[in-house]
Amino acid sequence: MSAPRELVIIGAGPAGMAAASTAAGLGVDTLVLDQQPAPGGQIFRGIGQAGPAHLELLGSDYQAGAEQVASFVHSGADYQPDTAVWSLGADGELGILHRGKASLISARRVLIAGGAMERPLPFPGWTLPGVMNAGGAQILMKSSRLVPLDGVVIAGTGPLLILLAWQYMRAGVAVQAVLELAPRKNLWRAGLRLPAALRAGHYLTRGLRYLLALRRAGIRVTYGVSDLQAVGNDRLEAMTFHTGGREQTLETGNLLVHFGLVPGIQLTEAAGCHHQWDDGQQCWRPQADAWGNSSVDGIAVIGDGATIGGAVAAVHAGRLAGLEAARAMGHIDAAGRDRLAVDDRQWLQDDLRIRPFLESLHRLPDTLLSGIADNTLVCRCEEITAGEVRAAVRAGHRDPNQVKFITRCGMGPCQGRQCGQAVANIVAAACDRPVSEVVPFRVRPPLRPISMGELSMLETGNNTA
Amino acid sequence: MNADVVIIGGGLMGSSAALHLAMRGQRVIVMEKDSPGRHASGVNAGGLRQLNRHPAEIPLAVAAARLWRDIQSLVDSDCDVKLSGQVRVAENEADMRLLEERAARVRALGYEHEIIIDREQLYRLVPHLAPHCVGALYTRDDGFARPFHALTAFRHKAESLGVQYRTGSRVHEIARQGADWQVVTDRGCCSAPVLVNCSGAWSQALCSMLGEPVTINTGAPMMMVTDRLPHFLDPVVGAASRKLSFKQMQNGTVLIGGSHLANHDMKTETTAIDFIKLSESARSVVELFPHMRDAHIVRTWAGLEAFTPDHLPVIGPGSCAAGVFHAFGFSAHGFQLSPVVGLILSELILDGKSKLPIGPFSIKRFLDETATGCA
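These protein sequence lines are chains A and B, in that order.
Our numbering applies: residue 1 is where the first sequence begins, and numbers increase by one.
Our numbering applies: residue 1 is where the second sequence begins, and numbers increase by one.
By construction, these hints were calculated from the structure, which means they are not laboratory data.
A few of these clues could be false.
[Said to hold, decoys possible] 20 Å max Cα-Cα, derived EDC-like pairs, lysine to aspartate or glutamate:
no.: 1; chain 1: A; residue 1: K101; chain 2: A; residue 2: E459
no.: 2; chain 1: B; residue 1: K267; chain 2: B; residue 2: E93
no.: 3; chain 1: B; residue 1: K267; chain 2: A; residue 2: E269
no.: 4; chain 1: B; residue 1: K82; chain 2: B; residue 2: D141
no.: 5; chain 1: A; residue 1: K101; chain 2: B; residue 2: E287
no.: 6; chain 1: A; residue 1: K185; chain 2: A; residue 2: D227
no.: 7; chain 1: B; residue 1: K277; chain 2: A; residue 2: D91
no.: 8; chain 1: A; residue 1: K101; chain 2: B; residue 2: E280
no.: 9; chain 1: B; residue 1: K267; chain 2: A; residue 2: D297
no.: 10; chain 1: A; residue 1: K101; chain 2: B; residue 2: D294
no.: 11; chain 1: B; residue 1: K267; chain 2: A; residue 2: D91
no.: 12; chain 1: B; residue 1: K157; chain 2: B; residue 2: E280
no.: 13; chain 1: B; residue 1: K82; chain 2: B; residue 2: D70
no.: 14; chain 1: B; residue 1: K243; chain 2: B; residue 2: D310
no.: 15; chain 1: B; residue 1: K157; chain 2: B; residue 2: E287
no.: 16; chain 1: B; residue 1: K157; chain 2: B; residue 2: D274
no.: 17; chain 1: B; residue 1: K243; chain 2: B; residue 2: E91
no.: 18; chain 1: B; residue 1: K353; chain 2: B; residue 2: D368
no.: 19; chain 1: A; residue 1: K101; chain 2: B; residue 2: E91
no.: 20; chain 1: B; residue 1: K267; chain 2: B; residue 2: E173
no.: 21; chain 1: B; residue 1: K82; chain 2: B; residue 2: E280
no.: 22; chain 1: B; residue 1: K267; chain 2: B; residue 2: D141
no.: 23; chain 1: B; residue 1: K277; chain 2: A; residue 2: E459
no.: 24; chain 1: B; residue 1: K157; chain 2: B; residue 2: E93
no.: 25; chain 1: B; residue 1: K243; chain 2: B; residue 2: E93
no.: 26; chain 1: A; residue 1: K101; chain 2: A; residue 2: D78
no.: 27; chain 1: B; residue 1: K243; chain 2: B; residue 2: E280
[Said to hold, decoys possible] Across the chosen pairs, the derived CB separations fall in these ranges:
no.: 28; chain 1: A; residue 1: D278; chain 2: B; residue 2: G188; range: 28 to 36 Å
no.: 29; chain 1: B; residue 1: R187; chain 2: A; residue 2: D432; range: 31 to 39 Å
no.: 30; chain 1: B; residue 1: T270; chain 2: A; residue 2: D432; range: 25 to 33 Å
no.: 31; chain 1: A; residue 1: D82; chain 2: B; residue 2: E100; range: 50 to 58 Å
no.: 32; chain 1: B; residue 1: R97; chain 2: A; residue 2: A395; range: 49 to 57 Å
no.: 33; chain 1: A; residue 1: S60; chain 2: B; residue 2: T270; range: 40 to 48 Å
no.: 34; chain 1: B; residue 1: P131; chain 2: A; residue 2: D374; range: 46 to 54 Å
[To be verified] Pulled a few chain B residues facing chain A out of the computed Cβ check, cut under 8 Å:
no.: 35; residue: D227
no.: 36; residue: A282
no.: 37; residue: T300
The beta-carbon is built from N, C-alpha and C at its ideal position, and this holds for glycine as well.
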């Protein structure tokens, strides 16, 4: 194998681009791998091709991406798009797939900036055609200008509901309803955290502006919704839910759901990094220090793949990790790193002040996380229901990995990405233990499927894009 | 005394021993440091194979085959057994000569299960095989099962007969207490006059605690599985000159093993796939089954296992103190033997001898005489 790269960054979203620009600017030999054909990550998908009207439609947050992409492109970092990472070892060995060619490359330092995923949350009818993730729908709008034509209901929790409703409204889509499933009592908890959040008040004013615009347009936002159910024979025909103690039915062909974001932890899990349960975000996340260093030497993780902080926080964390990479590779010393880090550390801290407020406002009730009905599918790949998971626990398989062995839940092509958290929650509840004590599915490479032919032609060596 | 027998290791061997002992009325405690089947027992390739066994193992493999054929009556579950045969393919005349010599040797020992099949018979059995092969060694009543299901069935049946599994109980110390062995774990202790070591990759440490140190290796054979494919294969396929075991499971996925070893770390008890070696397996697959080129690999893994220097297991009484019995070191081909190993252990413990020939599996062949702690 040829000489390892100094720094390989996985992901060209806000965090990865900022880290690459910073590190390359300080002389670090940097290679950025990204699954997409163009830089920007999910948040800035399609920004390179976006014309002025599209930029205007998507709003100012999206527009900020153009500048970040430009600075990344001119940073001097090598950039390899269309590249999937299917394995990552604790020793910095990466298995990658680029245009049908699989290879192993090695890095002295790996920075994971792979971002978040939408929290998968099984509910009755969630697998019906016509039900899809709101984040996925937003990406279709960003990258392909695809929007639902015949009315849409947006349901779940989190700021994305409001943002997407606002973007759809501006694109002329008929938004039938926006349903917030966070319980009303969350308002109390969030209220306590409001004063601190006011330090990052621009997020609040923007959110309120979107809400006002929706109200003026007559789009109803309903809070305190529960018992969400998608109904239909071969595809979605209607949805039912409870609010104010009454069941309501809405006829719709499109239900977009979103239950917040969780860090995508497949890569850090594969590398053997230590993870911890984050009770505020209700998910596992990799343990990382202020510079992004994980528990494994030479592997760092930043952005929404480390902890959900959003695109602005990701940029600051990216710069900090870029500085740390330059220090680790001997291009600057610790004092130099600390000097250059002052502003970003402060801005990062300021930006994150909104988080405790948002987390308590959009906190999911246990009924949604672990109270999944017995006949609801949990694992779409292997068609395993919540009831089958509970039956496995009753038969003595008292952790998610044993449940996986006996039921095949999580053994399908998605590698347990979709069902892993739900299974952990169900198993923990069935064993009467906190989910933080449960060991989630162990990750088995390849993290993305590769073909037998591709593995049989595996190449070793560092290509330089 | 808490039990008649304490078994260390809740994998297949330990669970089989527990079941056979409980069937004969023994009170058994199984100490398991993780959960049953966490390592080799739960994640092996599940091959049921009499084919191409070392001569010393043939009597055990044949006896085990009879038990697998009727596994339902032993454990109340079919363990997803599919007896669709195993073939060992010859890719050229030199391979074929080796296989013919092998078949003759086995016949000379008085066994009829391994037969030579010609090219035409081979392609009838394995129609998707690449066209260059010339024949094979074949066992009709071999096949495969699902290891974790088998293990669970053994465990459930053992539990139904009163066996106690103590999971999350790692053994720290073993001490003699009068006529009993006292086993101290991080979740309490227990004692019994008979101790059985079925601790797989951790057997070397166990043997040291028991004062009879042996030198064995640990390794983690790698496996991979594809997405579901339309049915194309019944028997398990291996090859005379390749490290490969290739089978299509009942659900359509294709499971590929082949004894290539992962990197592993006994301190953290973890494995790391060696993709360079795994790509050799993939190369074998596409050379023997060209249509597999586009199949997607969904998962790869490896399970920690003990390998002895001669790749034959240790089965039998300890060499040191009374009341110790071993069954470990199956060197990645123990799955087939598991039902009979428990039977042998129960016979040794309760009858003082086994009906099956286990002389070649004595622990004495590996003992470091200078280091034994026996009095």
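Contradicted hints - numbers only: 2, 12, 15, 16, 18, 19, 21, 22, 24 and 29
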